[in-house]
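**Student:** Here is how the chains run, residue by residue.
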Amino acid sequence: MKKLVLRLRDWPPSAWIFFAWLVTLSVLPFLIILAMSFAVRSESGLISWTFTLANYERAFHLVYLKVLAKTIFLSLGATITCLLVGFPVAYYLARATPEKRQMGLMLLFIPFWTNFILRIYGIVSIFGNHGLLNQTIMRLGLTDSPIEILYTRFGIYLGLVYNYLPFLVVPIFSALEKFDLSLREAAMDLGANRWQTFTRVLLPNVREGIAIGSLFVFIPMMGEYVIPDILGGAKEVFLGRVMVEQFFTMQDWPFGSALASVLSMGLMIAVWVRMRFEQRKAGPTSHGLR
Amino acid sequence: MYELRCESLEKSFGSFALQPLDLAIQPGEFFSLLGPSGCGKTTVLRLLGGFEQPTGGRIMLGDRDITRLQPHKRNIHTVFQRYALFPHLSVFENVAFSLRLKGLAKTEIQRRVDEIMNLTEIGTLADRRIHQLSGGQSQRVALARALVDQPAVLLLDEPFSALDPSLRVRVREEMRTICKKVGATFILVTHDQEEALQLSDRLAVMKDGRCLQVGTPKAIYEDPSDAFVASFIGPVNEIRGELAENKPGEWTVSSAMGTFKVRKNGIALPRNVSMLLRPEKMRLLRQRSNTQENLLEGEIQDLTYLGSRTEYTIKTHDNVFKVSEAELERQKKRLLNRRDRVFLTWKTEDAILLPQSAPK
Chain A
1 MKKLVLRLRD WPPSAWIFFA WLVTLSVLPF LIILAMSFAV RSESGLISWT
51 FTLANYERAF HLVYLKVLAK TIFLSLGATI TCLLVGFPVA YYLARATPEK
101 RQMGLMLLFI PFWTNFILRI YGIVSIFGNH GLLNQTIMRL GLTDSPIEIL
151 YTRFGIYLGL VYNYLPFLVV PIFSALEKFD LSLREAAMDL GANRWQTFTR
201 VLLPNVREGI AIGSLFVFIP MMGEYVIPDI LGGAKEVFLG RVMVEQFFTM
251 QDWPFGSALA SVLSMGLMIA VWVRMRFEQR KAGPTSHGLR
Chain B
1001 MYELRCESLE KSFGSFALQP LDLAIQPGEF FSLLGPSGCG KTTVLRLLGG
1051 FEQPTGGRIM LGDRDITRLQ PHKRNIHTVF QRYALFPHLS VFENVAFSLR
1101 LKGLAKTEIQ RRVDEIMNLT EIGTLADRRI HQLSGGQSQR VALARALVDQ
1151 PAVLLLDEPF SALDPSLRVR VREEMRTICK KVGATFILVT HDQEEALQLS
1201 DRLAVMKDGR CLQVGTPKAI YEDPSDAFVA SFIGPVNEIR GELAENKPGE
1251 WTVSSAMGTF KVRKNGIALP RNVSMLLRPE KMRLLRQRSN TQENLLEGEI
1301 QDLTYLGSRT EYTIKTHDNV FKVSEAELER QKKRLLNRRD RVFLTWKTED
1351 AILLPQSAPK
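Chains as they are written, first to last, in this note's numbering: chain A, 1 to 290; chain B, 1001 to 1360.
Some hints could be false.
Only pairs whose alpha carbons sit at most 30 Å apart, straight line, appear in this in silico DSBU-like list of lysine-lysine [as the list claims (entries may be wrong)]:
1) K1322/B / K1218/B
2) K178/A / K1347/B
3) K1218/B / K1264/B
4) K1102/B / K1218/B
5) K1347/B / K1281/B
6) K1322/B / K178/A
Some chain B residues flagged as far from chain A (calculated, every beta-carbon gap over 10 Å) [said to hold, decoys possible]:
7) F1097
8) E1121
9) D1149
10) K1218
11) T1252
12) R1288
13) A1326
None of these hints come from the bench; they were simulated from the model. From a predicted model like this one, the values you see are computed outputs, not experimental measurements. Ideal placement from N, C-alpha and C gives every residue a C-beta, glycine not left out.
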């Protein structure tokens, strides 16, 4: 960090804007949350600046660990689903003609020009008990009572997948676009069947795109609040909801901050470990002469 | 070792069509497909490799019809134009790729990879990453990777075009040595006639989806079947004229430049013929010589000294000739300079006679 600041003098003005943006909107708020997590909630719900570790002790209670586990489970599941759905989409787009590709990318992003909340309510109107899907299958006589999708774990999962899919498609798409097709032919030529070509040549070469895309969606999913709030109903707890509850319902900002800090730190450590792992894998040779 | 045969092999896509192609490539032969871009040579290679399906005809490897076989089921490997080495694997793993797929034992893989890497002289590069290799090294890795599981046929798709020109000749020589050691059948696709001449046992010259001539480098160079082949395989001077038999067995070509004696080989020729002369088969004289049968007077317009030989551009009264003379030849005479008057001559048997092609 010291090194970074010292070198700042050499940075161009454009980097200063970026740096200012990073500090005011990312680093500073995080430091405030971190500071608050060591404070005490006063009787009136305000913050009393007395150092304590009690909030962290509480954050690691079984109840919250269970919520954390459930959140990880759902986010991981949704990320994997996004990968399974998103990869073929990205593959198709990367191989399509320029016109089809542009069209496809636009179709992928058109929903995102609609307000986020509206889109979530769109899901409600399709999957709700009186929604399009249930009404249709009930009319067809396939079932007497509606299938409960909303206000279940599945509802949250569905919302996460729907909302984050494009953010996974794009990085994978750009990795696939850079993938040299002659490598595929070379693999086939050397005796690899389609599956072997996929696992031994294509995947290793777009691994970076997959990893970045997965982090891109997994991290915000972990902190997601609106989707579980609207689609999850009262009985499904999600880490993001618990945090917001602490801040606004319970008026316990220090404890909410502790939960938020644990989540952020956990994710940061995970990303850092991954980066270290990547570096070691690439090895010192990657800096060698070309 | 199997013979590779194309039987009326056809392929059309868009406006391009490969005309029915019949080729028989002998086991262990180094065969080249030579032609300008768009002539269909790469299409033939892709058909042989299994990356494209023909619209007609068959490909036979020995007695086996491999026309519809997937690339990974053919005992044919390719060295790709840009080598297509796997960037996520080390040099060793690139070379070992096909053996790993076959599920061979570790010790066996190690042995065979070591063997081929020593043969191609890349033994010291085993742990390198692909992006650390030079062009020449990459090419050898690609060659080793394709040769390691002993394919019946190796396809080479312009393997020298990504190399520095200064490297090419040396790498070609090395390639030839390796090929002879391995003993597989090699098929090279190239647009570089020098490359094809240097490497091939036999070659096929292609143009516009058609195979014009198949033969040894010598046969194609000295006895081309067609004006395109003649000019593609090397520079050539052309004299157009009418063929006539003056006395039985004595033929001449009369053109605007004069009448020249020719030797007619067996083939039937129309009245309008092209007489083709290679620059190195023509000689320059300072004085008119009465002993020479074929003589043209001209002026040296330009000369280029190239060490082992000198190339002249000679302007006659209505034509321009390229003449290439070996340096030894040149030293015997007084030095020639620009704007000197000279006489051009050639041996009667060195003129190539072909039917006249449509004027360009």
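**Student:** Among all the numbered hints in the text so far, which are the ones the structure does not match?
**Tutor:** 2, 4, 6, 7, 9
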